[in-house]
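> Please put together the full structure from these sequences, using the hints given.
Protein chains in written order, with our numbering: chain A, 1 to 602; chain B, 603 to 855; chain C, 856 to 1033.
Simulated from the structure, these hints should not be mistaken for lab results. Take these hints with a grain of salt, some might be off.
[Claimed, not checked] Computed list of lysine-lysine pairs in DSS-like fashion (alpha-carbon distance at most 30 Å, straight line):
{"id": "1", "chain 1": "A", "residue 1": "189", "chain 2": "A", "residue 2": "439"}
{"id": "2", "chain 1": "A", "residue 1": "402", "chain 2": "A", "residue 2": "540"}
{"id": "3", "chain 1": "C", "residue 1": "1012", "chain 2": "B", "residue 2": "695"}
{"id": "4", "chain 1": "B", "residue 1": "773", "chain 2": "A", "residue 2": "352"}
{"id": "5", "chain 1": "A", "residue 1": "540", "chain 2": "B", "residue 2": "695"}
{"id": "6", "chain 1": "C", "residue 1": "986", "chain 2": "A", "residue 2": "76"}
{"id": "7", "chain 1": "A", "residue 1": "189", "chain 2": "A", "residue 2": "402"}
{"id": "8", "chain 1": "B", "residue 1": "795", "chain 2": "A", "residue 2": "76"}
{"id": "9", "chain 1": "A", "residue 1": "518", "chain 2": "A", "residue 2": "540"}
{"id": "10", "chain 1": "B", "residue 1": "819", "chain 2": "B", "residue 2": "773"}
{"id": "11", "chain 1": "B", "residue 1": "695", "chain 2": "C", "residue 2": "1021"}
{"id": "12", "chain 1": "C", "residue 1": "1021", "chain 2": "C", "residue 2": "986"}
{"id": "13", "chain 1": "B", "residue 1": "695", "chain 2": "C", "residue 2": "932"}
{"id": "14", "chain 1": "C", "residue 1": "1012", "chain 2": "C", "residue 2": "932"}
{"id": "15", "chain 1": "A", "residue 1": "518", "chain 2": "C", "residue 2": "986"}
{"id": "16", "chain 1": "A", "residue 1": "352", "chain 2": "A", "residue 2": "439"}
{"id": "17", "chain 1": "B", "residue 1": "773", "chain 2": "A", "residue 2": "518"}
{"id": "18", "chain 1": "A", "residue 1": "540", "chain 2": "A", "residue 2": "352"}
{"id": "19", "chain 1": "A", "residue 1": "352", "chain 2": "A", "residue 2": "76"}
{"id": "20", "chain 1": "C", "residue 1": "986", "chain 2": "B", "residue 2": "795"}
{"id": "21", "chain 1": "B", "residue 1": "695", "chain 2": "C", "residue 2": "986"}
{"id": "22", "chain 1": "B", "residue 1": "695", "chain 2": "A", "residue 2": "76"}
{"id": "23", "chain 1": "C", "residue 1": "901", "chain 2": "C", "residue 2": "932"}
{"id": "24", "chain 1": "A", "residue 1": "352", "chain 2": "B", "residue 2": "795"}
{"id": "25", "chain 1": "C", "residue 1": "932", "chain 2": "A", "residue 2": "518"}
{"id": "26", "chain 1": "C", "residue 1": "986", "chain 2": "C", "residue 2": "858"}
{"id": "27", "chain 1": "B", "residue 1": "773", "chain 2": "B", "residue 2": "795"}
{"id": "28", "chain 1": "C", "residue 1": "986", "chain 2": "C", "residue 2": "932"}
{"id": "29", "chain 1": "C", "residue 1": "901", "chain 2": "C", "residue 2": "1012"}
{"id": "30", "chain 1": "C", "residue 1": "986", "chain 2": "C", "residue 2": "901"}
Predicted model only: the values in this text are computed from it and were never measured.
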Amino acid sequence: MSISSADSNFSNMTDLLRSIISRVYAESPHLLHVLYVLQRQFLHISDEAIREVAAHLDLPTSQVDAVVEFYSFFHKIPRGRYDILFSNCTSCGYLARGVDLMAMLGQQLGIVADNTRGDGLVSMGQTSCIGMCDHGAALLVNGMPIVSLNAAMIARIAALVEAETPLEDWPAGWFQVDDNIRVSGLLLKDDLSAGTGLRAMLTHGAADTLSEIIQSNLRGRGGAGFSTGMKWQLCREAQGAAHYVVCNADEGEPGTFKDRVLLHSYADSLFEGMTVCAFAVGAKQGYLYLRGEYRYLLPHLQSVLARRRELGLLGVDILGQPGFSFDIDIVVGAGAYICGEESALIESLEGKRGIPRVRPPFPVTHGYRGQPTVVNNVETFIAAAHIVLRGSAWFRAVGTEKSAGSKILSISGDFAAPGIYEYPFDVTIWQVLDDCGAKDAQAVQVGGPSGTLINSAEFDRRLGFDDLSTGGSLMIFSQARDLLAVIVNFAHFFAHESCGFCTPCRVGTVLLKNGLDKIAGGHGTRHDLDEMQRLATLVKCRSHCGLGQTAANPILDGLQRFPQAFEQRLVHRDFEPHFDLDAALEEARQISHRDDAAAHIE
Amino acid sequence: MSTDTKQNPIAQNTITIDGQEIPFLAGQTIMDAALAAGVYIPHLCHRQGLTPHGSCKLCVVDTGSGSASACTMPAVAGQRISNNTPALNEVRKTITQMLFIEGNHICPSCEKCGDCTLQAMAYHLGMLDGHFPQFFQRREVDASHPTIMLDRDRCILCELCVRASREVDGKNVFAIAGRGINAHLVVNSVSGKLVDSDLETSDMAAHICPVGAILIKEHGYEVPIGQRTFDLHQVSEIGLEKTIPTKVRQPDE
Amino acid sequence: MSKIRIATTSLAGCFGCHMSFLDMDERLVVLLEHVEFNRSPFTDIKHCGPCDIGLIEGGVSNVENVHVLREFRDNCKILIAVGACAINGGVPAMRNHFNLRECLEEAYVNGVGVENPQIPNDVELPLLLDKVHPIHDVVRVDYYLPGCPPSADAFLKILGDLLAGKEPSLPHNLLHYD
Ligand SMILES: Cc1cc2nc3c(=O)[nH]c(=O)nc-3n(C[C@H](O)[C@H](O)[C@H](O)COP(=O)(O)O)c2cc1C
Ligand code: SF4
Ligand code: SF4
Ligand code: SF4
Ligand code: FES
Ligand code: FES
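Here it is in structure tokens:
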């Protein structure tokens, strides 16, 4: 946390920076990793640090600067020695139990949100969903998740911070993240023992392995549902100096945490799947792009990789197959939902801001470093590993023609048993709600904020690519929920996560957020509501990438299915200002020390 | 021009834009094909000769299969494209309004007034007001360079300067930093100031800005009202952009 | 036929739009056959009565601007934002780059040549809003007439359209922001 004694031998900051940068870069040649270490050590990334990083990595200063300013977990102004970030998701957020836990902690520490205390001890703020939605309210302290927060814990956290107790001495149980697997199906029933899939693959050969994947009808589990076999084949056929396999473990969609569980308990199957893919497409190098919020899983994942190398399942001549070499490197993100979009992810891997590329060309032909690249979700690779071992028919036997196999769902919200539920595709929402014991649901958000908000009349709809597609999140909202507050929360999420590249999303998501705040605050008119509809449609239809194209979904779905949630907040006047006129006079009142009647406007 | 491309048999195909048949060559975007045929598709972040960018979204068109950015979407034989329709121009007007209200555009006090492509676009689309509440963002002005001025209040993040510097000037003076609505132009120099960059007045990057964000110092308000670029021209005149940089560039620079 | 009643005012503006209106010169005589002025700097009537059309120059910078603007909105069937300042704050909105204290300290305390430095606080003075706003941030606006200032021709076009019962519109040559 503070500068260690070994480092304090350096006579000046420049030498210290240089030694850290060269050491970290030698261990792991990724800009994001160098910046992470600097952020942890110095609690911010100074202009000098930016210049030194640029010089050492031979990058333009502006690129390093641009990256630092892009990712939420990098800061140019120092954070506190305890950096506390509350999740603001509707499931694991600081308001999750009706009490404002962040305000509570702030009060006890004498700090307001989004600030660092004067003594530099602690910073407090909020961050987008950290994937702990099955554990109630959660926060990150110096990157480590603490789950199942309650008022008593908040008081103890405040005391531990004030006493400057090292994190290692905080109650270990607080950091305990459980899998919470409630229903196991095709993939969760048993983990593959390391190497079984690979041995099966080697007996089939690359071409047959690929055709098995194609015949299985496996489609991507990350949301878009592109045929996995087709993707691998396109990549295999694409010309390039090298081919790459990338696993998308950015899991940023609020309410999604199934990849967290898969990474924690099924990592062997995942790496097996990536290795199968490498064999099929002819890749030598793979990357796991892990969201920054899951950095706590890094030691575990690295130990699995190390064990696999020892077992000859990674590295040179895998399982003694001459010429079959493949290894996997883990790159950790730094707080940016957009980096889950595959081309933004690749930009991020390349040490740039996570800006989605213009498509075409697609990653299968022009991906990482411009070379043919497969990007797949964690669950997709795991399914592929199973298919290689058990055959395409085994997989196709579950689900439907168009939606073969199973889907692993992260289910959270207003019911007793949030967790992981694996179902064959084609299951109805009713069935899921029934199994969850969610008795009084008024609405279900399928696929996270970017997905579909449905009402109870639609609970007979089915999960699958033909009807309700989902990357794996289901959020259940009971009758007691204020749905408008949920939609407002989602609007804030998208405005915060927009990468800022294209006009409709960069400006539009902020306008939508502000417009919704106005309505939720009781200042919206019918005209404002009509404007929301017009603007939401424009943002959806005209944005550059999937983020903008889905950002307005909660608003459009809400207006269509739950119009009363908006209408009951409207004022019935033909115009309402978007700002509080009297509050806009406060500064002048203070400067002039006036408080007479003329110093106010009603 | 269509006659000589029609005689050219290589990889020749056609698309239609608002019912008009337009030839294209393999590798061309919808925008390339349209401009070559003298068809105007509104655009702000596109300039022929620079890598297409696709960020402003003024060039949105409807293809049979949905919305597309004409400047980045490859032309595909048989594409039927709607471009100059009231609905699309309404969308473009809204996008233009977004660009106005996120920055601080006070045209009467801007040296670019009358030569500004954003403003001319707004005229073209019949924009009378910014419509949305203004963001009143505070953005930094960089007046450090002896001959070039950077006023971020007017920057629309089109990255024309970024690309011109990289692709034409062979430098790397500009980049965009930050995320979402906090995105902003940064300068690639030790101090982050223009004066410490290698930008020169003769660079294309010093002249390409479509708005009044990058300006040559001491050349403001030289052309009387009535004779500025968009007093005399419409933004929709094809090939106009080629005249703008040469027009601004002074012989003594 | 009774005359169309028009009211005009300048909020945080420079009176440039009013001057430009008067640039109609002899065409004013023709116009006045069809219109009459209520509250306006042209008449010196102090409060707005019921009117058909209100023309607002200038943005909303202080409390008084808010009151005047509301009076116009309450009394005018059609309200038109005239000029850059009314439409987006214009030059006065350049103070939005700074907070109010910075502006006032520069003007009344630290500025060059300031004598007896103090920030005025007489109760007669309307308090300033923290930002200068376009008028459509404060009341509903029916039409916009851009320009800094709009030309006399532009005024005539808009008023002519309204007198003729048409939806007002500006041809390309009359549409400009400066
Ligand atoms: C804004 C945005 C965020 C995304 N986040 C993720 C993510 O966290 N994980 C993921 O697997 N796919 C995500 N995707 C989808 C990816 O772009 C890509 O389609 C997917 O990784 C492909 O893998 P699959 O075919 O196995 O689903 C996201 C897409 C968008 C537009
Ligand atoms: S839609 Fe949003 S996230 Fe996607 S490119 Fe545009 S600004 Fe970035
Ligand atoms: S850049 Fe263009 S739109 Fe912006 S203030 Fe200047 S002239 Fe007006
Ligand atoms: S400075 Fe000008 S050219 Fe550069 S990004 Fe901004 S608007 Fe575009
Ligand atoms: S011109 Fe195509 S997006 Fe800007
Ligand atoms: S008041 Fe008329 S232009 Fe500003």
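> State for each hint whether it applies.
Now the hints, each set against the structure:
1. A:189 <-> A:439: holds, 27 Å
2. A:402 <-> A:540: holds, 26 Å
3. C:1012 <-> B:695: Holds, because 22 Å separates the two Cα atoms, which is no more than 30 Å.
4. B:773 <-> A:352: Since the Cα atoms of residue 773 of chain B and residue 352 of chain A sit roughly 18 Å apart, the hinted pair holds (cutoff 30 Å).
5. A:540 <-> B:695: The given pair, whose Cα atoms are some 16 Å apart, holds under the 30 Å limit.
6. C:986 <-> A:76: Between residue 986 of chain C and residue 76 of chain A the Cα gap is close to 28 Å, so the pair holds against 30 Å.
7. A:189 <-> A:402: holds, 23 Å
8. B:795 <-> A:76: holds, 17 Å
9. A:518 <-> A:540: holds, 21 Å
10. B:819 <-> B:773: Holds, because 21 Å separates the two Cα atoms, which is no more than 30 Å.
11. B:695 <-> C:1021: holds, 23 Å
12. C:1021 <-> C:986: violated, 35 Å
13. B:695 <-> C:932: holds, 27 Å
14. C:1012 <-> C:932: holds, 19 Å
15. A:518 <-> C:986: holds, 19 Å
16. A:352 <-> A:439: violated, 46 Å
17. B:773 <-> A:518: violated, 46 Å
18. A:540 <-> A:352: Holds, at about 26 Å.
19. A:352 <-> A:76: holds, 17 Å
20. C:986 <-> B:795: Holds, at roughly 29 Å.
21. B:695 <-> C:986: holds, 26 Å
22. B:695 <-> A:76: At roughly 37 Å apart (the allowed maximum being 30 Å), residue 76 of chain A and residue 695 of chain B break the hint.
23. C:901 <-> C:932: Holds, because 19 Å separates the two Cα atoms, which is no more than 30 Å.
24. A:352 <-> B:795: Holds. Residue 352 of chain A to residue 795 of chain B sits at ~21 Å (cutoff 30 Å).
25. C:932 <-> A:518: Roughly 27 Å separates the two Cα atoms, so the pair holds.
26. C:986 <-> C:858: Given that 30 Å is the threshold and the Cα spacing comes to 38 Å, the pair is violated.
27. B:773 <-> B:795: Holds: residue 773 of chain B and residue 795 of chain B sit about 15 Å apart, inside 30 Å.
28. C:986 <-> C:932: Holds, because 28 Å separates the two Cα atoms, which is no more than 30 Å.
29. C:901 <-> C:1012: Holds, at roughly 27 Å.
30. C:986 <-> C:901: Satisfied, since the Cα-Cα distance of roughly 26 Å is no more than 30 Å.
Of the numbered hints given earlier, the model fails hints 12, 16, 17, 22 and 26; all others are met.
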